[in-house]
Amino acid sequence: QQPVQSPQAVILREGEDAVINCSSSKALYSVHWYRQKHGEAPVFLMILLKGGEQKGHDKISASFNEKKQQSSLYLTASQLSYSGTYFCGTDWGFQKLVFGTGTRLLVSP
Amino acid sequence: GAVVSQHPSWVICKSGTSVKIECRSLDFQATTMFWYRQFPKQSLMLMATSNEGSKATYEQGVEKDKFLINHASLTLSTLTVTSAHPEDSSFYICSAQTRGVFYIADTQYFGPGTRLTVL
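Protein chains in written order, with the working numbering: chain A, 59 to 167; chain B, 87 to 205.
FYI, nobody ran anything at the bench for these hints, they're computed from the structure.
You can take every hint at face value.
Derived lysine-lysine pairs resembling PhoX-like cross-links, with alpha carbons at most 20 Å apart:
#1 A/LYS95 <-> B/LYS127
#2 A/LYS84 <-> A/LYS154
#3 A/LYS125 <-> A/LYS108
#4 B/LYS106 <-> B/LYS150
#5 A/LYS154 <-> B/LYS141
#6 A/LYS154 <-> A/LYS108
#7 A/LYS84 <-> A/LYS108
#8 A/LYS117 <-> A/LYS95
#9 B/LYS150 <-> A/LYS154
Fair warning: this is a prediction, and the values are worked out from it, not measured in the lab.
For reference, chain A alone in the conformation it holds in the complex (with noise of 0.2 Å):
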């Protein structure tokens, strides 16, 4: 029942385009995104609410489609920074996140 990720990885060159997708089998409250590196601790990115909206800071954005229990990270002109595992956290609306398989990152110069 974890949301699966897509890609499970992707290797770009730096001033590449990636999108990442996290699918959830249940209805979504929420979303949110967040980058780790190794050996390090998860950093929030962004949160999206109900409601299909689209957030965005920098090169990164993302988007949640409600009706299709999905949601979408867009890293445009990776940096790389940008490197790392990517995490979406779902809401269903427990109080708690469950964390979808990850979608490793590398961006080479």
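Place chain B on chain A using the hints.
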């Protein structure tokens, strides 16, 4: 803002001993803290939800007598791994939740994690 500390950052112990891990929210009060376990190259698996002043709520399959959680104040939660065994070796991460206002959802901020190795 929203800084969470965790101590220790790593610990090596002998089988059968107990280990205590502290999680503190440094610049905000957190009525709810969460404890996760993460195996290499895997996702974060929630172990328990800790609310200040009340008993922790454990996820299915997590032994509450083995993983003791205490949330003594609005800025401190502790996880004690009792009678640790090699299979308990893992990366333990806590998070502290800020309270959302109006229509802003509650947000979890993570501590740096504690790597536990049981010999």
